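2 protein chains.
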Amino acid sequence: MMSLDKNIETLAIDTVRILSADAVQKANSGHPGTPMALAPMGHVLWKEFINFNPKNPDWANRDRFILSAGHACMLQYSFLHLLGYDISLDDIKNFRQMNSKTAGHPEYGLAPGIDVTTGPLGQGFANGVGFAIAQKHLAARYNKPNFPIFDYHIYAICSDGDMMEGVTSEAASLAGHLELGNLIYLYDDNHISIEGSTDIAFNEDVSKRFEAYGWHVQFVDDVNDIHALQLAIINAKAETQKPSLIRVRSLIAYGSPNKSGTAGSHGAPLGEEEMKLVKEFFGFDPNKNFNIPPEVAKYYKQIGEEKGKKEDDWNELFAEYKDKFPELAAEYEQAAAGKLPKGWLDKLPTFEPSDKKMATRQASGKVLNAIAECLPHLIGGAADLAPSTETNLKEFDSFTSENRDGRNFHFGIREHAMGSALNGMALTKGVIPFGATFLIFSEYMRPPIRLAAIMKIRPIFVYTHDSIGLGEDGTTHQPIEQLISLRSIPNITLIRPADANETAQAWRVALEHQGGPVILVFTRQGLPIMDQNKYSKATGLEQGAYILSEASKTPDLILIATGSEVSLILDAQAQLEKDGISTRVVSMPSWELFEKQDAAYKEKVFPKANKKRLAVEMASPLGWHKYVTDEGDILGMTTFGESAPAEDLYKHFGYTVDNVVKRAKALL
Amino acid sequence: MMSLDKNIETLAIDTVRILSADAVQKANSGHPGTPMALAPMGHVLWKEFINFNPKNPDWANRDRFILSAGHACMLQYSFLHLLGYDISLDDIKNFRQMNSKTAGHPEYGLAPGIDVTTGPLGQGFANGVGFAIAQKHLAARYNKPNFPIFDYHIYAICSDGDMMEGVTSEAASLAGHLELGNLIYLYDDNHISIEGSTDIAFNEDVSKRFEAYGWHVQFVDDVNDIHALQLAIINAKAETQKPSLIRVRSLIAYGSPNKSGTAGSHGAPLGEEEMKLVKEFFGFDPNKNFNIPPEVAKYYKQIGEEKGKKEDDWNELFAEYKDKFPELAAEYEQAAAGKLPKGWLDKLPTFEPSDKKMATRQASGKVLNAIAECLPHLIGGAADLAPSTETNLKEFDSFTSENRDGRNFHFGIREHAMGSALNGMALTKGVIPFGATFLIFSEYMRPPIRLAAIMKIRPIFVYTHDSIGLGEDGTTHQPIEQLISLRSIPNITLIRPADANETAQAWRVALEHQGGPVILVFTRQGLPIMDQNKYSKATGLEQGAYILSEASKTPDLILIATGSEVSLILDAQAQLEKDGISTRVVSMPSWELFEKQDAAYKEKVFPKANKKRLAVEMASPLGWHKYVTDEGDILGMTTFGESAPAEDLYKHFGYTVDNVVKRAKALL
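Which chain is which? The protein sequence lines are A and B, in order.
Just so you know, we're using full-length UniProt numbering here: the first sequence kicks off at 1 and counts up by one.
Just so you know, we're using full-length UniProt numbering here: the second sequence kicks off at 1 and counts up by one.
For the record, the hints were derived by calculation from the structure and aren't laboratory data.
Heads up, some of the hints might be wrong.
For chains that are exact copies, the list does not tell them apart, and a pair is met inside one copy or across any two.
Claimed, not checked - Pairs of lysine-lysine, DSSO-like flavour, derived with a Cα cap of 30 Å:
| no. | residue 1 | residue 2 |
| --- | --- | --- |
| 1 | K578 | K612 |
| 2 | K553 | K93 |
| 3 | K651 | K26 |
| 4 | K608 | K626 |
| 5 | K456 | K651 |
| 6 | K347 | K651 |
| 7 | K626 | K26 |
| 8 | K26 | K356 |
| 9 | K596 | K662 |
| 10 | K208 | K534 |
| 11 | K322 | K339 |
| 12 | K665 | K310 |
| 13 | K651 | K136 |
| 14 | K662 | K626 |
| 15 | K596 | K310 |
On a predicted model such as this, the values are computed, not experimentally measured, just so you know.
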C-alpha cells in the first residue's frame, strides 16, 4: 500500500465531492448528495482495495465494483476519470448529455469501468450475487495450487432503497445460504430518501436482518473516518465464509451548508449559490468549476498506474498457468471469447415422429442433458421448479457452499433474484447461465430481463408451462399477456418452439446468440413430433418464421402459429385442403428472428398478395395484426384462463381443429 | 368458545385431511400434502378464532383469511364446505374442473369465502398488509367509544415459498414499521419445497429476520399440537402493536406412510393405493371416497351457525351506531356500496389554455388535491416518490403507526409490496386506494397488477415519468415497452391523458370505474393546455379515442397520438393543413375505453375508407398496427432510450413536427 498522506487524501476526497457536484450542476440534473457524502468510501475502495487496470477495464481477475445506488454515478465517473480510465474531463462536463459516456445512471458498455448497468434499485445488489457465484465457480474450475487465477472480490455500494427492495432480500438470503464470502457490500445508511427521513417508512433493524440471512455485519458510524472504513473492509476480506455487509452512516451532501442531510440534495442540483458555499466549506475557490488540483490529478493517476501493474503480475501468472495446464487454459480462453467447443452441435439430439408425444419442456431437458458434457460452461438452475421445468443437468452436481464446481443451481422461490443473479453471471466471461421457472413467473423478474436487454448480455431465460395448456393450475398460473409483454422488450429474442426438434434448434440458436437475452418458452403438455421428411426441417426456426407445410397450390390462405398451436394448424390445414382450400402453414417460433430476415424472405413467407391469414396462439392477440394484415384474423386469448383440464380449456376457448377451420373459412 | 371434545376434534381434522386429498386424487391434479398437514391449523383458526358468517361471506367486520399458500386451496374449500358456505360436496368433487367454484388456486369472486385470489407466492402475505392497513384506517374513521365497528383481524397461512419471495420481505418490513398488530400470520415451516428439502436453498433464520422487521414471533414445534396453536394465536391477539408471525413445524402429507415429508406429495396426487393407506392410517374406510362422518358434518355445521350469530350481534351494534352517528354511517354505507358523494364532480378543476405548460403529473396533483376533501375514501401514496409523482394530499396527514386516520401512505422503496397492499385495500369496501411510482417501476409490481385484473378490483395505479420525455435519467428509467405490456393485461384500463384537462377526465373515469384496475400514465415534462373552445372537449376521453381536431375537409390522413404526443400532432396538423393536406387529429388516451365503444363510433373516428393513418407514441410500436391499418405507419420507439435532455431526445428519435409531417406525407 502507498504511504498515507493526510493532506493529499483529504484534498483528493474533497476534489471528488466537488467535481461530482459540479457535473450535476452543469447538467442541471442528477444526484449530487450521495457522491458528496461517499467520496471517502470511494477513495478507500479504489485506493486500498479494488484491484483494477484502468487501461484494461475487462481484466478477467479484476475486482468487480457495483454501484447499486446507480443514481450516485457521478461518484464513480469522478474516480474513473481521475484513476486513468478512458473518461475525460470533457466526458465529466457532458454528464447526462446526448452521446456522452457519462449517462444518468452507469451503463455497462458505454463507459469503461462500469461492470454492470444499475439504476433500478436492488438490481446491483442482486447482480453482485451472480458475480460472486461466477467467481466461485470459475475459481473451482480453474484455480490450482499456487495458481489463484480467479481470486477477485465483489464490492458494492448500496443505498436505503436497495435495502428496501424485495430483490435484495431474495439475493441476500441466497448469498447467505451459498456462503458467498467474496461479497463485500457497503451500505450507505444516510437516513434520507426522496420523501424525507427514512423513518417515515423504514425503521427495521437492517443489521439484524442481514445476520439472520447469515451475513457478517459491521458498522462504521462515520463515512469520513477512513481508517474505520479500511479496518471494516479488512475484516470483511478476512471473513471468507460469510458475505459481508458494512453499514456506514453518512450525511447526504456533506459540505453543503444549507442542503446537507436533506432530501432536497438527493435528486437535484444544489444551485450555483450553494455550490459556491460548498467550495468555500472545503477551502476551494468558489468561482472555479471542475477544479482538479494538479497534485490530486497526479496522486490518483499514480494510484491507477500502480493498480494496473497488478494485471501485469496476473498475466505472468496466467502465462505460467497456460504452460502447466494448457487444456484448462484453452478451455477458459475459448469460453471467455464467447466461442463454443467444436463438435457440440453433433450432440444436439433429433427426435423421430414415431416417438410419442413430448412436451417441449421435456425435449428441452433431453437437449440440455445431451449437450451438457460438451459445454462445461453452461450452468443454470431453477427457482425451485427444476423437476417441472426439466432443467436439471443430471450427470452434474449442485452448486453449493461446499461444492463450487456444481453446475445446477437451486435459486429457491426467488425468481427476481434468480434473474438478477443470472445477469451477474452472464457478465462474467467464461460461463453461460440459464435460469428457469414457469412463464407466468417471468412477471416476478421483469426488471432483470429488461436490464439484460439494455446491456445486450445473453442470459438464457427458460420459461415452461407457457399457456392455458398447463390446465388445472388455473387463472393465476396461465400466461396470457406474457408473450407480447416479453416480445415488446427491445433486444430480446423470444423463441416458442413447436415440437421437440424445434426445441433442439431453439437451444442451438440460444447458445450461438450474442447481443441480448434469449427467452425460451416451452409447454407443459405433450406435443406431437412433426415429421421432418414430410414437413420442412426444424432448422427453419433460425429464420423466426418458415413455411412448415406448403399449400397444395397457390395458397388461398395462410395459417400461422407458434409453439403448441402449430400442430393444431397442421391438422386444420389437412381439413381445409380436404375441403378444397389451399392452405399454407407457417411455423413462427420467433418474431424477433423473423424481423431480422431480408425483405425477400419475408415476402416469400408472407406474400403481400395474400392477406387471408389466420394467426393462432393461446395468448393475447396484441401485436399479431402486423402479420395477419387488415384482411386476416387472430385466434388469441382475450380473457384470462380458467382452471380445468387442458382439453376442456381448448374446447372452451376455441383451440380446436373445427374452430380454426371455421375461422379460416370466414376469411375467404 | 365451544367445549372441547378430543375425539370429535381429531375425527373432524382427519376428515378434512382425507377429504382434501380425495379431491386432489379425483381431479388427478393438485397439492394434497399441505392440506393434509395443516388441517389442525385450519381447524383451530376457523373453530376458535376467525369470525365469519357462512351465509354472508361479505360481512364487513368478518376476520379476513388469506391462504397465501394458495396451492393448498383444498384445505380452505374443505373447511368452507363443512362450515356451511355455499360450496357443495359436488363442488369439492369438481375440484379443478371447468365451471367449478373450486379452482386450482382460490379465486376471489368465484368461491364464497375467498377473501383474495392467491397462488403466485408472496402475494397473499402482502395483500394482508393492505387488508390490515384498511382495517386500521376504517377503525380510526368510524369506530367510536363502545362502537368497535371495525375490529377484525387478518389471518394468513404462509409457506416457505412465501417467506422466500421478495414481496413478502417488503411487505413485512412495511407492516413492522406501521405496527400492524392486527396481522396474525401462521408460517407453515415444513422444510419441503419442490426441488426437495428447503435446506438446498433456504437456511436463513426466519424468526430472527421477522424480529428485525419488528414482528412478534412465536414458534410451535408441531402443528398437531392444537393447544399450542391456540395459545400462540391468543398471544398474537394480545400483542396489538406488533404484527405476529407464528412459525409452525409440520410434516407435509401427514398420514401418508410412503409420501409424508417428501417433495413428491407437494404437487401431485398421492395415488389410489397410497390414498387407501392414508385412510387406514386415520382409521377411515380405505374404500370410501369423500367420506364425511355425519358427526363431523354436524359438528362443523354447528360451528358455522354459531359463528354466523356474530354478524347478528354486529348488525345490532351497527344499527345503534347508525342512530347515534347517522352521517358517519351513511358515509360508510355509500362508500362501501361503491358510490361517490354527490357534488364531487363539481370539484374537478378545469384548466385554461392561457395557463402555462403543465406536466400531467402536476395536473394530476392539482386534481387530487381539489377532490380530496370531497372524497374522504380516497387514500393513497407513493413508493418514496410522492414529490415526483405529485400524489401527496396536502391538506391531510400521513398514515402512520400513531395516526391511522392519515390518508397519505409512505410505502417506501417497495413498489411490489405497494401494489399488493393496494389490492388488499381495494378488496376492503369503504376505501379507494391509489399508489404511485415512475412508469418504469411498474415492472417491479407486475404480479399485483395482474391479480387486480384477475379479481376485477379497482386499485388506481398512478405512473409518472412516462417516456423518454423524462430526459436525463436515461435508458434504465425511460419506459419503452411498458405501455403495451400493461395494455396487454385483460381487464385493465390504461389512460394516458394529453394535457391537464384530459388528466382531470382521466381521474373522473378512474374514480367512476368498476371491474378492474385503472392505470393512469402521466408525464414528467410540461405540456401545453389545449383550448377546449378550439378543439373538442376533454370529456371525449371517456370514449378512449376521439376526434380532437377535425380536418378542414374530408381527411386525407389521420394522425393519432396519446399523452404528450397529442400536442405534437396538433402542431403537425397545422403544418400539413398549411401544405394543403387535410388532416384529422385523434387523441387516443385509452385503447381499452375505445374498444368498448360501438361499431358506429369506431367507424366515425377511424373510417374504414381512410387508412392513411400515422400513430405517434414515444413507446414500443407493438399493437398499433390494428389502428393504423396496413396502409398506415407508426412513429414509435424501437430501441431503448438515451440519457440526455428531453428536447435532444425528441430530435434524436424523431419526435418533431418536421419528422411527423414527413412520415405523414410519405403515406400519401
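Hint-by-hint comparison with the structure:
no., hint, verdict
1, K578 with K612, "within (18 Å within a copy, 39 Å between copies)"
2, K553 with K93, "neither (65 Å within a copy, 51 Å between copies)"
3, K651 with K26, "between (63 Å within a copy, 21 Å between copies)"
4, K608 with K626, "both (12 Å within a copy, 17 Å between copies)"
5, K456 with K651, "between (41 Å within a copy, 25 Å between copies)"
6, K347 with K651, "neither (39 Å within a copy, 50 Å between copies)"
7, K626 with K26, "neither (45 Å within a copy, 44 Å between copies)"
8, K26 with K356, "between (67 Å within a copy, 26 Å between copies)"
9, K596 with K662, "between (33 Å within a copy, 26 Å between copies)"
10, K208 with K534, "neither (64 Å within a copy, 62 Å between copies)"
11, K322 with K339, "within (18 Å within a copy, 76 Å between copies)"
12, K665 with K310, "neither (71 Å within a copy, 60 Å between copies)"
13, K651 with K136, "neither (51 Å within a copy, 46 Å between copies)"
14, K662 with K626, "both (22 Å within a copy, 22 Å between copies)"
15, K596 with K310, "neither (43 Å within a copy, 66 Å between copies)"
This entry does not satisfy hints 2, 6, 7, 10, 12, 13 and 15, going by the numbered hints stated previously.
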